[in-house]
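**Student:** Here is how the chains run, residue by residue.
Number of protein chains: 2
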Amino acid sequence: MNIDKAITEMQAVLGDRLSTKKSDLDFHGQNEAYYPFTPPDAVAFVQSTQEVSDIVKICAKYDCPITPWGVGTSLEGHALPIKGGVTIDFSQMNKIVEIYNEDLNVRVQPGITREELNAELRTTGLFFPIDPGANATIGGMTATRASGTTAVRYGTMKDNVLALEVVLADGRIIRTGTRAKKSSAGYDLTRLMVGSEGTLGIITEITLALQGQPEATAAAICDFPDVESAVNTVIMAVQMGVPIARIELVDAMMIRAINNYSKLDMVETPHLFMEFHGSEAGVGEQSETMKSITGEFGGGAFQWSTKVEERNRLWAARHNAYPAARGLKPGFTGLTTDICVPISQLAKAIGDSEKDIADSGLLGPILGHVGDGNYHATLLVDPNDPDMIATAKGVAHRMAERALAVGGTVTGEHGVGIGKMKYMAAEHGDGWSVMADIKRALDPQNILNPGKMVQVN
Amino acid sequence: MNIDKAITEMQAVLGDRLSTKKSDLDFHGQNEAYYPFTPPDAVAFVQSTQEVSDIVKICAKYDCPITPWGVGTSLEGHALPIKGGVTIDFSQMNKIVEIYNEDLNVRVQPGITREELNAELRTTGLFFPIDPGANATIGGMTATRASGTTAVRYGTMKDNVLALEVVLADGRIIRTGTRAKKSSAGYDLTRLMVGSEGTLGIITEITLALQGQPEATAAAICDFPDVESAVNTVIMAVQMGVPIARIELVDAMMIRAINNYSKLDMVETPHLFMEFHGSEAGVGEQSETMKSITGEFGGGAFQWSTKVEERNRLWAARHNAYPAARGLKPGFTGLTTDICVPISQLAKAIGDSEKDIADSGLLGPILGHVGDGNYHATLLVDPNDPDMIATAKGVAHRMAERALAVGGTVTGEHGVGIGKMKYMAAEHGDGWSVMADIKRALDPQNILNPGKMVQVN
Numbered sequence: 001m002n003i004d005k006a007i008t009e010m011q012a013v014l015g016d017r018l019s020t021k022k023s024d025l026d027f028h029g030q031n032e033a034y035y036p037f038t039p040p041d042a043v044a045f046v047q048s049t050q051e052v053s054d055i056v057k058i059c060a061k062y063d064c065p066i067t068p069w070g071v072g073t074s075l076e077g078h079a080l081p082i083k084g085g086v087t088i089d090f091s092q093m094n095k096i097v098e099i100y101n102e103d104l105n106v107r108v109q110p111g112i113t114r115e116e117l118n119a120e121l122r123t124t125g126l127f128f129p130i131d132p133g134a135n136a137t138i139g140g141m142t143a144t145r146a147s148g149t150t151a152v153r154y155g156t157m158k159d160n161v162l163a164l165e166v167v168l169a170d171g172r173i174i175r176t177g178t179r180a181k182k183s184s185a186g187y188d189l190t191r192l193m194v195g196s197e198g199t200l201g202i203i204t205e206i207t208l209a210l211q212g213q214p215e216a217t218a219a220a221i222c223d224f225p226d227v228e229s230a231v232n233t234v235i236m237a238v239q240m241g242v243p244i245a246r247i248e249l250v251d252a253m254m255i256r257a258i259n260n261y262s263k264l265d266m267v268e269t270p271h272l273f274m275e276f277h278g279s280e281a282g283v284g285e286q287s288e289t290m291k292s293i294t295g296e297f298g299g300g301a302f303q304w305s306t307k308v309e310e311r312n313r314l315w316a317a318r319h320n321a322y323p324a325a326r327g328l329k330p331g332f333t334g335l336t337t338d339i340c341v342p343i344s345q346l347a348k349a350i351g352d353s354e355k356d357i358a359d360s361g362l363l364g365p366i367l368g369h370v371g372d373g374n375y376h377a378t379l380l381v382d383p384n385d386p387d388m389i390a391t392a393k394g395v396a397h398r399m400a401e402r403a404l405a406v407g408g409t410v411t412g413e414h415g416v417g418i419g420k421m422k423y424m425a426a427e428h429g430d431g432w433s434v435m436a437d438i439k440r441a442l443d444p445q446n447i448l449n450p451g452k453m454v455q456v457n
Numbered sequence: 001m002n003i004d005k006a007i008t009e010m011q012a013v014l015g016d017r018l019s020t021k022k023s024d025l026d027f028h029g030q031n032e033a034y035y036p037f038t039p040p041d042a043v044a045f046v047q048s049t050q051e052v053s054d055i056v057k058i059c060a061k062y063d064c065p066i067t068p069w070g071v072g073t074s075l076e077g078h079a080l081p082i083k084g085g086v087t088i089d090f091s092q093m094n095k096i097v098e099i100y101n102e103d104l105n106v107r108v109q110p111g112i113t114r115e116e117l118n119a120e121l122r123t124t125g126l127f128f129p130i131d132p133g134a135n136a137t138i139g140g141m142t143a144t145r146a147s148g149t150t151a152v153r154y155g156t157m158k159d160n161v162l163a164l165e166v167v168l169a170d171g172r173i174i175r176t177g178t179r180a181k182k183s184s185a186g187y188d189l190t191r192l193m194v195g196s197e198g199t200l201g202i203i204t205e206i207t208l209a210l211q212g213q214p215e216a217t218a219a220a221i222c223d224f225p226d227v228e229s230a231v232n233t234v235i236m237a238v239q240m241g242v243p244i245a246r247i248e249l250v251d252a253m254m255i256r257a258i259n260n261y262s263k264l265d266m267v268e269t270p271h272l273f274m275e276f277h278g279s280e281a282g283v284g285e286q287s288e289t290m291k292s293i294t295g296e297f298g299g300g301a302f303q304w305s306t307k308v309e310e311r312n313r314l315w316a317a318r319h320n321a322y323p324a325a326r327g328l329k330p331g332f333t334g335l336t337t338d339i340c341v342p343i344s345q346l347a348k349a350i351g352d353s354e355k356d357i358a359d360s361g362l363l364g365p366i367l368g369h370v371g372d373g374n375y376h377a378t379l380l381v382d383p384n385d386p387d388m389i390a391t392a393k394g395v396a397h398r399m400a401e402r403a404l405a406v407g408g409t410v411t412g413e414h415g416v417g418i419g420k421m422k423y424m425a426a427e428h429g430d431g432w433s434v435m436a437d438i439k440r441a442l443d444p445q446n447i448l449n450p451g452k453m454v455q456v457n
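Protein sequences, first through last, are from chains A and B.
Residue numbers for the first sequence follow the UniProt record's numbering, so the first one is 1 and each next one is one higher.
Residue numbers for the second sequence follow the UniProt record's numbering, so the first one is 1 and each next one is one higher.
Isolated chain A, as found in the complex:
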């Protein structure tokens, strides 16, 4: 490894856009979770796929680690350069390459954020539905197989990425997939790259499927006497095939947090936040079905957000749940869990989690993309209290173990990064060593986001 020589050669390619300024290094050493500050040795602000290829070739020559960076919203430290080296920052590769209106797809550079993309699409009648909450980049969402509130209807990134351009570990540029809706031509390299967290190749262009903007949209909240009633409502809605666009559980403690943070006055019991997309008649039919199901399980009256601004305020409040939760204990930070289980196991999983959190003496409000069996507890901890952090990690660990025991996964959508490495053997068994075999085949020098996802040494 000779990072200094790599930096010198990269500077010859990028000039000023290869930075070793402390402010740039510091910015790319941060993360949104509790992982330690880890700055890179240099940051490359690339502007083209060819530049990425040139940088990778130089890094391959000097065994210099490479970590891609979107906008830094990941929650498991994916973009922290834990072995040093260069961070490739995609903020200057943030353009739409081409919109294909008739085909309902679009080619974009990795640095565009989902909100930027949807702003550009507004006049086309199309939109990109995946919404992880954070205004993440499309590159980052692809690399972590993101999903979020709308996955119950529209799927995750694996279902919405049609094709990719990828720079391999030796600098070669490949294209995976096509713009056709389906193909049986060979191994599914597209879906191998989706969720690979920068460890198999560097994504430099993404072709996304788009949806037509729905003719009608309606959102409502509904309160429940307890979490189980809310979850049972969701299970029945899923079983009946209601094509609901969003159905989010927010537990009583999180309602309190959101009320405080977003100045709302919801009754402090568990709620479902729902959104319906379709024709006017379709939205009406879905709403009636959901009213009938919620009634069966003791849900209250629907409170509708009929205007766009009201609806945006509702989802903004939902998306601000993390800072809202932290507001319950000023000065505390949040340790976020990301369990996903078969939906039949969901009510028990959440109930067990709530009990464990309470027994541990922690505050840990819960919300979830319950239509997918995915939920998050935000375990509030004093960053200066190692005992409390250890207690929270114990709770998170037991949640993960219980998820695996019922056929679930330790991460529904946040990804592996640094935080979930320790569960990979338990979740995948020998499959984890197959992942390492693939990593060795595609990145024999282990320069692409090294130290993440697999054990290759």
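It is possible that part of the hints are untrue.
In this list, chains with the same sequence are indistinguishable; a pair is considered to hold if it fits within one copy or across any two.
Unchecked claim - Taking lysine to any residue and the SDA-like style, the derived pairs with C-alpha atoms no more than 25 Å apart in a straight line are:
| # | residue 1 | residue 2 |
| --- | --- | --- |
| 1 | Lys-57 | Ala-436 |
| 2 | Lys-348 | Glu-102 |
| 3 | Lys-83 | Met-266 |
| 4 | Lys-422 | Arg-175 |
| 5 | Lys-61 | Thr-20 |
| 6 | Lys-422 | Gln-455 |
| 7 | Lys-57 | Arg-440 |
| 8 | Lys-393 | Gly-451 |
| 9 | Lys-61 | Asp-437 |
| 10 | Lys-422 | Ile-173 |
| 11 | Lys-291 | Asn-101 |
| 12 | Lys-95 | Gln-47 |
| 13 | Lys-291 | Asn-94 |
| 14 | Lys-329 | Ile-173 |
| 15 | Lys-263 | Ala-209 |
| 16 | Lys-61 | Ala-436 |
| 17 | Lys-57 | Ala-441 |
| 18 | Lys-291 | Ala-216 |
| 19 | Lys-291 | Leu-126 |
Hints are computed from structural coordinates only; laboratory data are not their basis.
With chain A fixed as given, assemble chain B onto it according to the hints.
**Tutor:** Just chain B, lined up with the frame of chain A:
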């Protein structure tokens, strides 16, 4: 390679179920397309995953090629043991392992066919929607990433396989994926195996997502003055997001063939065959929307198949299109193409194909899963006329080249097998060598369905 020693050891494990009888070898040397008869050296009628693992370990010891066999309906010679060795026949591993009603999923052995599965599911209120026409096994459909008439609504096998059990090339047994609806835990080994055609591992169990049986189902056909009008109807329906369950184009010549074969009396112009799934109100709304779109493009009145038997007869006629087409020229065989293009390119692609077929003096009726941009021409050839076969291959080749030129794929659903190997470099570029890298990593001895999918030597 020492196949004889491998056979002796496999016989010790399986007894009579390791067959070298000529009738068994001959049966597994056939295919539904025009590829040459290629029998294996032995056939293993396995009954458990452990037996598959034992067989693979013996084959690894002696470098003996292994080819999995479902029910032999593939159209590109996937299951032909072109390097000899043992064929693993899954007909005795054809059970449902467990149905999870609440979770809408099911675990099955690979040898169960889709019709057997749906017969077993009938009383549960659930069904498995993917319908490639042939009564293929779920293992074969998974291995070839099958799709068919319902993919426009329900997706392909890649969208409906949640998890797999796989025997690796060294005999280890792994599980990929979970029964949870989504996961971000590592490389997507499930979707790497889906469509890998037995070259990366041997699938021994499949967890499938299921759908609720729709409350209402309706089917109709509609005639059009020309193919372009029918295709433009489909493009608009897709753009408007009509959740149609099936929308199939059948061209005028294929209508004639189906009329003859299935004793029907449709007017001999291009048709769309449609099916609607949903609530009563939803099906009504979809039908009205489709009537309005078809009217706009010159479509005739809808002819409804309201009774279940009528509907079954309609789709049976559609599924029998291949023998129907061959009936146009008794004694001829069919060379089937499988182009898939972005939907904006579909009308031109089909028009160019029709012209090329006519100019070549061939008969080649066309039908297609047009909602996905996927269509098939059945080029009728005299198997004893090498010039005619060469002419047909020329037409198929130009169809493939035009598909690639507009961002499509040479195979929408049939897979690579023997027939599409020659296009892999053109479709994937350096991505094809990445596929070979993965193959070498997972099957270093090249014993799993060798000679298919990638070039490793």
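**Student:** Now tell me, hint by hint, if it's right for this structure.
**Tutor:** Outcome of the hint check:
1. Taking identical chains as interchangeable, the C-alpha atoms of Lys-57 and Ala-436 lie at most 25 Å apart whether they share a chain (22 Å) or sit on different chains (21 Å).
2. For the homomeric pair Lys-348 and Glu-102, the shortest alpha-carbon distance between copies (14 Å) is at most 25 Å, but the shortest distance inside one copy (45 Å) is not.
3. Taking identical chains as interchangeable, the C-alpha atoms of Lys-83 and Met-266 are never at most 25 Å apart, the minima being 47 Å within one chain and 69 Å between chains.
4. In this assembly of identical chains, the alpha carbons of Lys-422 and Arg-175 lie at most 25 Å apart only when taken from different copies (18 Å versus 32 Å within one copy).
5. Taking identical chains as interchangeable, the C-alpha atoms of Lys-61 and Thr-20 lie at most 25 Å apart only when both belong to the same chain, with a minimum of 20 Å there against 54 Å between chains.
6. In this assembly of identical chains, Lys-422 and Gln-455 lie within 25 Å of each other by CA distance solely inside one copy; the values are 11 Å within and 36 Å between copies.
7. When the C-alpha separation of Lys-57 and Arg-440 is checked against a cutoff of 25 Å, the pair qualifies both within a copy, at 17 Å, and between copies, at 23 Å.
8. Taking the shortest alpha-carbon separations for Lys-393 and Gly-451, only the intra-copy value of 21 Å comes in at or below 25 Å, while the best inter-copy value is 50 Å.
9. Within a single copy, Lys-61 and Asp-437 get their C-alpha atoms as close as 22 Å, and across copies as close as 21 Å, so both meet the 25 Å cut-off.
10. In the homo-oligomer, the alpha carbons of Lys-422 and Ile-173 lie at most 25 Å apart only across protomers (22 Å), although the nearest pairing inside one protomer, at 32 Å, exceeds that limit.
11. Taking the shortest Cα distances, Lys-291 and Asn-101 sit within 25 Å of each other only across copies (23 Å), while inside one copy they are farther apart (36 Å).
12. In this homomeric assembly, Lys-95 and Gln-47 come within 25 Å of each other (Cα to Cα) only inside a single copy, at 10 Å, whereas the closest approach across copies is 54 Å.
13. For the homomeric pair Lys-291 and Asn-94, neither the shortest alpha-carbon distance inside one copy (42 Å) nor that between copies (42 Å) is at most 25 Å.
14. With identical chains, the CA atoms of Lys-329 and Ile-173 are never at most 25 Å apart, being 48 Å at best within one copy and 47 Å at best between copies.
15. Taking CA atoms no more than 25 Å apart as the test, Lys-263 paired with Ala-209 passes in neither setting, with 36 Å inside one copy and 41 Å between copies.
16. Taking identical chains as interchangeable, the C-alpha atoms of Lys-61 and Ala-436 lie at most 25 Å apart whether they share a chain (22 Å) or sit on different chains (23 Å).
17. For the homomeric pair Lys-57 and Ala-441, the shortest alpha-carbon distances inside one copy (17 Å) and between copies (23 Å) are both at most 25 Å.
18. Taking the shortest alpha-carbon separations for Lys-291 and Ala-216, both the intra-copy value of 18 Å and the inter-copy value of 21 Å come in at or below 25 Å.
19. In this assembly of identical chains, the alpha carbons of Lys-291 and Leu-126 lie at most 25 Å apart only when taken from different copies (23 Å versus 29 Å within one copy).
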